[in-house]
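Build the full structure now, drawing on both the sequences and the hints.
Chain residues, written in single-letter form:
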Amino acid sequence: MKTTSTKTTSKVNTEKAQLLKKIINKNNNIQTACMSLCESH
Amino acid sequence: MAQIISKIDSTLETALDCNEDNVIIEGFMERYSVSREEAEEILTETKKWLWLASENIKEKKSFRMFIDHSLIIIDEMWHNFILHTRAYQKFCHEKLNLFVHHEPTPKAAQIIGFDSDEEKQKFQQQQEEKLSQQLSYIYDKLGAETVSKWYEEFPEKFSKKKIHALKR
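From first to last, the protein sequence lines stand for chains A and B. First residue of the first sequence: 9, per this note's numbering; consecutive thereafter. First residue of the second sequence: 3, per this note's numbering; consecutive thereafter.
If you're looking for bench data, these hints aren't it; they were derived computationally from the structure. Predicted, not measured: the structure shown is a model, and the values here were computed from it. All residues carry an ideal CB built from backbone N, CA and C; glycine is no exception. Don't take each hint at face value.
To give an idea of the interface, some chain B residues facing chain A are shown, with a C-beta separation under 10 angstroms as derived from the structure [said to hold, decoys possible]:
1. 71
2. 115
3. 133
4. 142
5. 146
6. 154
7. 161
Here it is in structure tokens:
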């Protein structure tokens, strides 16, 4: 069970890393258009 | 862990359940030539973005959520939402427990040219790190589907040029 859980986490981490890398490689000219600024009330 | 996820889901669900949707959607459709389904989807994604921005502050993260060219359509809906001041204030106070201000990047802060390749490389590296941090946060809180929608589907469907053409 522990091994399955570790494998699942590892698979998710790999999928996450691959997706992020793909997007970052496509965004070679990142310019910030605006930011969020929050205040509590 | 299950408790944390269920808590996150319930606060997000509450944020997405908004009585004022109709007026915001119709306002957007008056300004942009999009179908009702498209306007509804963009508003849902904008509310998700605002919820995430408020979570980012509540969790005292070291970085601030930002909008770049991939998310321009969310920014456009955010502008439209802000025009309905009462609805926007109500949404922030009742659904997020925070007022999320919109802070445009001043023209002076937008870098157009670089003095050297080294300076350009350094800037791009910093921007990549910022984006990576934000993507990771979105992935962890909202999942792969949202990351893909915001950074793959939306930039294709609603590029700056296409948004300009959709303006009424």
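Each hint, compared with the structure:
1. The interface hint given for residue 71 of chain B holds, since its Cβ lies 7 angstroms from the closest Cβ of chain A, which is under the 10 angstroms cut-off.
2. Checking residue 115 of chain B against chain A by beta carbon gives a least distance of about 13 angstroms; that is not within 10 angstroms, so the hint is violated.
3. Satisfaction of the interface hint for residue 133 of chain B is found here, the shortest Cβ-Cβ separation to chain A being roughly 5 angstroms, below the 10 angstroms cut-off.
4. Taking 10 angstroms as the C-beta cut-off, the interface hint given for residue 142 of chain B holds, the closest approach to chain A being about 8 angstroms.
5. Hint status for residue 146 of chain B relative to chain A: holds, with the closest Cβ pair at about 6 angstroms, below 10 angstroms.
6. Nearest Cβ of chain A to the Cβ of residue 154 of chain B: about 7 angstroms, under the 10 angstroms cut. The hint holds.
7. Because the closest C-beta pair between residue 161 of chain B and chain A is about 13 angstroms apart, greater than 10 angstroms, the hint is violated.
Of the numbered hints given earlier, the model fails hints 2 and 7; all others are met.
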